[in-house]
Structures are given as structure tokens and as C-alpha cells.
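Student: Single-letter residue listing:
2 protein chains.
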Amino acid sequence: MSTTPLLLQALAGTEVSRPPVWMMRQAGRHLPEYMELREKYDFFTRVETPELAAEITLQPMRRYEPDAAIIFSDILVIPKALGMEVQLIPGKGPVLPHPIKSLQDVLALQRDGVADRLQHVYDALRLVRAELSPDQTLIGFAGAPWTILCYMVEGHGSKTFSEAKKFCYNQPQAAELLLNVITEATIAYCKLQIEAGAQVIQVFDSWSGLLSPEDFENYAQPYLLRISDAISEIVPVILYPKGSWYALSKFRYSSCAALGVDWTLKPQVARDLIGKELTIQGNLDPSILLTDPETVHRKTTDMIKQFGTQRYIANLGHGISPDVPPVNAKAFFDAVKSYQPS
Amino acid sequence: MSTTPLLLQALAGTEVSRPPVWMMRQAGRHLPEYMELREKYDFFTRVETPELAAEITLQPMRRYEPDAAIIFSDILVIPKALGMEVQLIPGKGPVLPHPIKSLQDVLALQRDGVADRLQHVYDALRLVRAELSPDQTLIGFAGAPWTILCYMVEGHGSKTFSEAKKFCYNQPQAAELLLNVITEATIAYCKLQIEAGAQVIQVFDSWSGLLSPEDFENYAQPYLLRISDAISEIVPVILYPKGSWYALSKFRYSSCAALGVDWTLKPQVARDLIGKELTIQGNLDPSILLTDPETVHRKTTDMIKQFGTQRYIANLGHGISPDVPPVNAKAFFDAVKSYQPS
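Which chain is which? The protein sequence lines are A and B, in order. Using the numbering used here, the first residue of the first sequence is number 780, and each one after it goes up by one. Using the numbering used here, the first residue of the second sequence is number 780, and each one after it goes up by one.
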């Protein structure tokens, strides 16, 4: 029997007895033990104190024993390390009070040594790795350049990120430079996460689904591929271009090991678009976790039945929401771990 | 030459010299003449005063001369007519302070004569119709039952509408009854809009894209089809299940005359999914209107080239945003009206 952890087996396409399982945002607000820490420390204290970030990362590992831990951090550490002010206001989301408006603003970013300013993430990864068992995989992550640009230009969350698009359309040179700056920073950052113990890198393109297929080719795809090409030489990469069903087939023969998909794709449709060469990760609607343990178990089992057990990672189609009872989250993990092909 | 208005020709599949054009949310905040009225009258005064609603409906007709007017109103007039309190708070969106929580709440809705309580809409339609020329089509509209349920249960806008989904999952009987109540009210409402002069009905399912394909089949599709079947006997129906690319093919042989699509679908993909039996409406990314008139003209012309001129209605893929300069919106209309197949 292989001693390679289950998640790495699934990413490599090795035959497995059941799919590995983890959950996007498994460390966070749905856990009472997290809420206790949240009352004592503000968001960036939690992210930037390695002992706190490590403790939070490990909380769901103790409660659910998933196959992987994902480091507790935030995609906006990159804009912050590039010298931008980032605030996280509870109930309001992220705010960057001085967003990028021009080429001058892009040129003023502090590109030199950007990844070195994220030492707290590497320290947290080392602390977590020391606590995990050999069969548990440690996942590092970063935001995709398009999604990071969205926040850096818009300055806050948005349904449309039309300011970000306007910037790309009307200041193409500045946009290209900004995407390149973010891409280079992200590659350096992921490499240092790997040195610190990350065995897989997931890249979240949370807002790629707002782009037309043509704009995806301009503003998302090349940068996702550059990160994937650079990082896949070292560890497997999971790309998650949320909502961009129309672009999945473009990654079919790329360097990434897996693609994340949301719940608007039926498993067979996802497989048809992605092919058998890549592993698929997803895709239960997180709202299902608002029902009851029996329903969660049934829906999760049904999902695995449709995806099949090979080249597949069981996950949600988006991060778990804060109002999910842990007993329902547990039912999700248990359903995957006890799965028996019928 | 036919004297049928261009929009009705395109909906009937008659051969046309160019595609008809209108714009979702063409009456509204991007127009300075609207903003003047907005300073004087609050939202529901504007919606519920026929003279104001008619004036607002006609503002873009004077400025742009599109092929159709869409009555200025709101999808939430239905919950309001059913007896719920609806507030529209500028900058915050709609708030229903007493959302539906139970079967009791659904049973307490004032179903009797609900459509009769929307006389102000019919009066506005009559006023508008009297001002339009015979070649301009008047469009009435309603929200789709799933989208209306979202607001009635969640009580406000949401990125996920997870409360609405939770209600559907955990109280299926109440959800089914609520969807039926909304469907019946909507059919009666649309019929009275038609009596008052609406020549086309568009049904907006703004949040259907949050549903998995399976949930779409449960909570959206049957109600869209019931409305379409009832209304299509009288006038053509345009269904716009925003984001639900995965469900478009299900309407291919349905009673509706057209499907609206957003900008994540390439024209050829939309045509492949929908077939040649139906008219397609869409799908320029509204953010393109934040560029300049030349870019808007080029992108619009390119879009028509891809969709072709037949069985097609030029429109945006979503409502125009408030920050669009009218000169750019005008470039969109002009590009369609001056289109010459090359």
C-alpha cells in the first residue's frame, strides 16, 4: 500500500480506495472554537500571528480529521505586502482605502522583497506541518491575479467589479503591469510557502466568473497558467476559476493537477469539459449544509457516485458559510470517508 | 414591407433587416433626467405614480430611440401586493423587514385580488402606449418565482441567498406553496399588463444562476414554464434565467419566444444550446459601456456579427450600471441601428 497521502495520490492520478476530502474555509466562522479566538484578536492579528494562524488551521483537523489542512490566511496579504493598506471590517468585508487608479499607482507598489514580508505565513505553515500526521496534506494558497486586481482597483467587494474592468479596458498598460506584478509576487510567495511545508498550492480566482470568455483570456488565463507552470514544477497546483465554466476546457492540457468547480456543473458535464487527464475538486452547494446530517450524507454520497472515486477530490463548490452547524459539516466529511461504491 | 414592429418580428422569427435593440434598465440611474426626478420623489412614489413611471419609461425613448420601451417598475411589486412590507433603501437595496419564515407566513399572504392592487402599473402602461409610435414595442415584466421567493424569504439582497435555499430544503411544502402563490399572482399580473398595452412580457430570474442544475429543475424551471405557457398564448415571452447557462437547452422546445443570456456565453455557444427555434437576447458586458463610444461601437458590432442578424435581439447581458455616460449608451444603440452585415 502506498504511503503517499491520499490527496497527493488523487492529484497524481494514482488509484485510490476513496476520494480525499477537505472543505474550503473549513477553518473559520462556522466553528465555535474559532469564534472564541475571533472575539479576542482582530482579523490581521489572527492572520499575522503564526501561533494563532496555526491553531486556527488545526481546529477543523481535530474536529473532522479531513485529509488536508489549508493554512489560515487571506488572499489580500499580497496587496498588503505590496504596500497597500488593507482593512477587514466585520460584516462589511475587505476595504482598501487607497485603491489603484493609475499607472503611477502601480509603479509605486513595493515589489522588491514582497514575498519576504510574509514570513508570518511561512512560520504558521511550519507550526502546522509539525502537528500534522504524515497522511495529512498541507495546502498553501494564493488569490489569482485577476481577483487580486479586482480588490486593488475597486477598493472593496462588488457584485460586478466594474471599476476593475473599467481600469483594464481604459488603462491596458497599467492593468498588464499590475497583473504581472501580482503574478510575480504570487509565484515568489507560493515558492516560500512550499519551502515552509505546503505540499499543494490552490489558486483562488474568486471573481473570474464575472469575465466574458474573451476577457478571461486576456486578464485571467495567462496569469493562472504562469503561476501553475512555475509552481507545478515543485508541487501540484489546484486552480479554482470560480464561475468560469466556459474556460475549464482551456486548462485540460495545462500544467495544473486539478481544477475546482462550483455546483452549477453537473459532475458529468465537469468531466466532459475537463477530461480524464486532470483531477476535479468540488462541488457540493454549501447551502446543502444548512439542512440536516441525513440530507448532507445523502447528497454527498450521491455527488461522489456521480463524480466517481478516481481523479476526484470531494469538497464544496464554495467556502462553507458561517451559519452551518458543525454537526452538518461533520456529516459531509463522514459521508466521504465512509463511501463505499455500490 | 411589414408593419409589425421590429422587436415582434424578431420574436416571431420573421426575417429582419437588422436586429431590434433595447437595453435592460435603460430607464434609470445612468440618465441625468432620471436623477432629477429621483431627487424629488422616493422609489415607490416613482413606481406607483403612473405619470412618473410613464415619464421615466419614456426618457430613454426620447434620448436613444430604441425599438422598445420597458415599463419602469420593480419586480418587488408582487411581494408588496401580496401584503408584505417592502422598503427600498438607496445604496442598500431592497429590504423586507418581515420575511417569510414558515408555512403560516405563506398562508397569511393576501392572494385574493393581488393583481388588482397593481393598477398603477396598468395605468402607467396605458400612458406610455399612447406616447409610443407604432413601430416601438412596449415590454411589460415580472420577476420569476424563484427570484421573488429569494427576496421574500431572505428579506434582503444576498450573494448566496442561502436562507432562501435553506427554506426550500427544510420546508419543501411551504416553498412549493409559496412558488405557486407567486406564479399565480404573476400570471394574473402579466395578463393585466397585456390588457393595458404590454406587447411582450420579460420574466427576470435574476438569481437562478445560484441554483444547481437539480435545484433549478425543482425551484425555477416549472414556474418559468407555467408563466410562459400561460402568457405565450397572448403575447411573446422572453425568459431571462441569469447565470443558468446549464439550463438553457431545457427551454429549446418550450413556449417562450426568446431567452436572454449573459456575457459569459459566446454567441455561438448560446446558439448551440438554444437552437434556431428561439430568439436570443443579449449579451454585451455592461462594463464595456464604461469605456468610450468607439470601443462600445466596435464591441457591439462584433457581437452582432457573431450572433447574426436573425432571431436575435441586441441587448446587454445585464442592466446598465448607473455610472455609464449616456454618450456611451448612445453608441450602443447607434451601433445596432447602423449595423451593416459585411
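Certain hints may be false.
Each pair may be met inside one copy or between any two copies, as identical chains are not told apart.
[Stated by the list, open to error] Result set (SDA-like, lysine to any residue): computed pairs, CA atoms no more than 25 Å apart in a straight line: (1) K819 x L837; (2) K1116 x P1046; (3) K1116 x L787; (4) K1078 x E834; (5) K1021 x L816; (6) K945 x K1045; (7) K945 x E794; (8) K871 x E974; (9) K1109 x R804; (10) K819 x D1081; (11) K1021 x E963.
The set of hints was computed from the structure by calculation and includes no laboratory data.
Student: Against this structure, judge whether each hint is valid.
Tutor: A quick look at each hint next to the structure:
In this assembly of identical chains, the alpha carbons of K819 and L837 lie at most 25 Å apart only when taken from the same copy (18 Å versus 56 Å across copies). Within a single copy, K1116 and P1046 get their C-alpha atoms as close as 19 Å, which meets the 25 Å cut-off; across copies the closest is 43 Å, which misses it. Only within a single protomer do K1116 and L787 lie at most 25 Å apart by alpha-carbon distance; the minimum there is 16 Å, versus 56 Å between protomers. Proximity of K1078 to E834 under the C-alpha cut-off of 25 Å is found in neither arrangement, the shortest distances being 31 Å within a copy and 51 Å between copies.
Proximity of K1021 and L816 under a CA criterion of 25 Å is satisfied in neither setting, with 30 Å inside one chain copy and 40 Å between copies. In the homo-oligomer, the alpha carbons of K945 and K1045 lie at most 25 Å apart only across protomers (21 Å), although the nearest pairing inside one protomer, at 33 Å, exceeds that limit. In this homomeric assembly, K945 and E794 never come within 25 Å of each other (Cα to Cα): the closest approach is 46 Å inside a single copy and 36 Å across copies. Within a single copy, K871 and E974 get their C-alpha atoms no closer than 34 Å, and across copies no closer than 45 Å, so neither meets the 25 Å cut-off.
In the homo-oligomer, the alpha carbons of K1109 and R804 lie at most 25 Å apart inside one protomer (14 Å), although the nearest pairing across protomers, at 45 Å, exceeds that limit. Proximity of K819 to D1081 under the C-alpha cut-off of 25 Å is found in neither arrangement, the shortest distances being 40 Å within a copy and 55 Å between copies. In the homo-oligomer, the alpha carbons of K1021 and E963 lie at most 25 Å apart inside one protomer (22 Å), although the nearest pairing across protomers, at 36 Å, exceeds that limit.
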